[in-house]
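*Asks:* Residue strings, one per chain:
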Amino acid sequence: MLRATIDADVFKEAVDAIAALVSECRLHVSAEGMRTRAVDTANVAMVSLELAPAAFEVFEASERALGIDITKLKNIIGMVNRGDSLQLSIPADSQKLNLAFQSYQYSLTLLDPNTIRKDPNAPSLELPGQVVLDGATLTNAIKAATVVSDKIALGIDPEARVFYMEAEGDTDNIRLELGPDKVQSLTETKARSLFSLDYLKDMSRTMGRAERIEIGIGIDHPVRFTFEIAGGAGKVVYLLAPRIEAD
Amino acid sequence: MLRATIDADVFKEAVDAIAALVSECRLHVSAEGMRTRAVDTANVAMVSLELAPAAFEVFEASERALGIDITKLKNIIGMVNRGDSLQLSIPADSQKLNLAFQSYQYSLTLLDPNTIRKDPNAPSLELPGQVVLDGATLTNAIKAATVVSDKIALGIDPEARVFYMEAEGDTDNIRLELGPDKVQSLTETKARSLFSLDYLKDMSRTMGRAERIEIGIGIDHPVRFTFEIAGGAGKVVYLLAPRIEAD
Amino acid sequence: MLRATIDADVFKEAVDAIAALVSECRLHVSAEGMRTRAVDTANVAMVSLELAPAAFEVFEASERALGIDITKLKNIIGMVNRGDSLQLSIPADSQKLNLAFQSYQYSLTLLDPNTIRKDPNAPSLELPGQVVLDGATLTNAIKAATVVSDKIALGIDPEARVFYMEAEGDTDNIRLELGPDKVQSLTETKARSLFSLDYLKDMSRTMGRAERIEIGIGIDHPVRFTFEIAGGAGKVVYLLAPRIEAD
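Protein chains in written order, with the working numbering: chain D, 57 to 303; chain E, 57 to 303; chain H, 57 to 303.
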């Protein structure tokens with residue numbers, strides 16, 4: 057059983073964060089809210105998302121794992137106007153998620169959760185480098201790097217006390233350095249790993265709106281981006297595996 | 057002979073209404089204004105359009121059927137700026153329609169009207185269900201339905217006193233119900249027919265701007281949309297044949 | 057050696073003017089500023105561009121010919137925000153052009169100038185017809201002509217005292233006449249030549265912003281467009297060869 061009312065913009069942001077990586081997911085609903093964790097088909101990136109009951113105007117749910125076609129859900133949410141209120145409901149034992157907004161009734165057939173990949177475990181990662189900055193700065197850097205290359209190095213230079221992003225093409229390169237005045241915080245720990253820009257571009261569409269993104273990095277280790285949605289009632293974590301840096 | 061001056065926006069709306077269904081048409085001009093009636097190549101939809109002399113600032117015409125390449129005419133009108141005045145003229149016996157706006161002179165060669173399909177007869181239809189609503193509501197519903205399916209049912213449920221639109225996909229469906237508070241008027245007559253969304257999408261581009269659309273529907277019958285353009289000096293009627301509803 | 061600072065918008069306009077015709081060029085820098093002259097691969101159009109030191113906030117250069125990948129440079133400049141300041145530098149003997157803006161450092165490898173076509177000579181042309189008008193009028197006329205044809209005639213009718221542009225399609229034509237009240241000046245010299253709209257469209261993107269374009273035309277002769285950029289500290293000249301007018 058699920059009965060929930062939520063601001064359409066808030067729900068759209070959550071759905072977009074998941075849709076950046078996967079086209080279907082297991083959405084766990086319970087009295088504690090909604091959460092999902094999913095890995096992309098190539099096993100390169102993971103998204104974890106939590107939405108607390110406080111993100112909703114109304115929220116009642118009994119525990120259940122829902123199989124959701126995220127692509128379809130995203131298309132439907134795309135029709136809802138800014139500021140509309142969206143009602144979600146699933147009667148007990150029903151296999152349909154009902155969405156109501158304005159005078160519309162939409163019914164989305166649930167997928168069998170057993171047909172969807174098992175929830176991945178959250179890997180335990182030690183990422184000693186920590187940087188906090190706003191999403192727009194990160195998104196602009198990712199966009200700038202795509203002009204030159206299809207991968208980007210993220211790192212911390214502890215001597216220069218800067219967080220840097222660097223992209224190298226065949227003949228050209230671009231480097232962005234952000235000192236203590238341009239980031240919200242920065243650990244002075246050496247770090248550098250290389251990442252695929254394809255994934256970062258998809259992730260950055262959602263991250264661009266966040267005022268505060270915590271980045272965890274290491275040396276040839278995955279990167280972790282953590283940020284809040286739904287005015288603090290929701291949290292998204294992206295993990296992205298590194299690529300091998302050729303010499 | 058034709059000599060007419062018209063606000064470019066008004067003429068653009070009329071041309072767009074025709075261009076939604078056909079790429080060429082027989083345009084009848086006379087002292088009573090302009091009118092055309094045309095059927096799309098698949099014989100599924102019909103457009104009738106009338107523009108009274110009151111839609112024009114200047115209007116003089118002797119009776120004549122003009123063969124018009126609507127696609128070309130639409131491209132030319134697309135260059136005219138909002139608020140510009142457009143002058144149309146055809147000297148007696150000329151085979152060219154001259155359009156003048158700003159410092160431009162455009163000359164469009166007329167098609168031989170005999171090479172264009174004869175004017176279709178207006179079928180006599182009894183469509184007992186009558187609904188009146190604004191164009192934006194209709195256009196939004198058509199857009200919403202396309203997320204789910206390529207066809208849409210339009211109907212009246214006399215018990216619930218609602219006009220409804222319903223689209224069913226393989227696994228999902230969407231339903232919009234508009235009660236007496238959401239429509240301008242509604243007959244309590246049972247009606248339901250199924251239509252192709254392709255045609256409705258093309259028609260809805262023009263209908264979306266109308267404040268008042270009269271819809272006539274029956275049971276497995278065509279639908280008729282009637283609305284005014286040119287501030288009431290013009291009228292458009294769209295007819296669309298139903299599709300067979302599979303069980 | 058080059059060390060220069062320039063408003064990003066100004067540099068973008070200069071790069072766009074060159075990119076309209078060629079994808080790489082020899083850029084000559086010296087104490088007198090920057091200049092280039094290049095011909096498109098089909099030898100149909102030529103661009104000359106000069107930027108005086110006054111176009112820059114800071115400008116120091118020793119004489120050198122730089123091989124520039126204009127397409128790449130255009131992509132980089134596209135990332136710079138309106139109003140940003142752009143720093144250009146090349147250390148002595150370096151083969152890289154460094155661009156810095158905001159916190160970004162971009163490094164573009166120079167091309168070997170010997171691999172780029174030699175600078176063309178400026179042909180000596182007598183173009184007795186002279187017209188001065190604003191770029192927006194010219195750009196709109198070029199856009200209007202593309203609806204009808206892929207070439208346009210530009211001319212002066214000395215009896216009617218108009219500058220005209222005329223495009224003829226298979227069945228349709230468009231003509232724009234600009235009298236003394238619509239142009240800034242006009243010589244009463246007979247002129248008419250035919251030009252490819254493809255080239256004019258590319259050129260008009262840059263010309264559309266100019267307040268004053270000097271046009272030189274003759275009879276079946278090239279056309280020359282001259283206009284200022286960088287608030288008068290830069291000058292662009294486009295030359296375009298005529299096409300043969302078939303009867």
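Bear in mind the hints are in silico, worked out from the structure with no lab data behind them. Possibly wrong hints are sitting among the right ones.
When chains are identical, the list treats them as one kind, so a pair holds in a single copy or across two.
To be verified - No farther apart than 25 angstroms at their CA atoms in a straight line, the calculated lysine-lysine pairs in the DSS-like style are these:
| id | residue 1 | residue 2 |
| --- | --- | --- |
| 1 | LYS128 | LYS238 |
| 2 | LYS246 | LYS174 |
| 3 | LYS246 | LYS128 |
| 4 | LYS238 | LYS199 |
| 5 | LYS199 | LYS68 |
| 6 | LYS128 | LYS257 |
| 7 | LYS152 | LYS246 |
| 8 | LYS152 | LYS199 |
| 9 | LYS152 | LYS238 |
| 10 | LYS246 | LYS68 |
*Asks:* Now tell me if each hint is right for this structure.
*Replies:* Now the hints, each set against the structure:
1. LYS128 / LYS238: neither (39 angstroms within a copy, 28 angstroms between copies)
2. LYS246 / LYS174: Cα proximity of LYS246 and LYS174: none, with 35 angstroms in one copy and 49 angstroms across.
3. LYS246 / LYS128: Answer is neither: 43 angstroms inside a copy and 32 angstroms across each miss the 25 angstroms cutoff.
4. LYS238 / LYS199: Answer is within: at 18 angstroms inside a copy they meet the 25 angstroms cutoff, but 44 angstroms across does not.
5. LYS199 / LYS68: Classified as both; 23 angstroms inside a copy, 18 angstroms across copies.
6. LYS128 / LYS257: both (21 angstroms within a copy, 20 angstroms between copies)
7. LYS152 / LYS246: neither (50 angstroms within a copy, 28 angstroms between copies)
8. LYS152 / LYS199: between (39 angstroms within a copy, 22 angstroms between copies)
9. LYS152 / LYS238: Result: close neither inside a copy nor across copies, 47 angstroms intra and 27 angstroms inter.
10. LYS246 / LYS68: neither (37 angstroms within a copy, 37 angstroms between copies)
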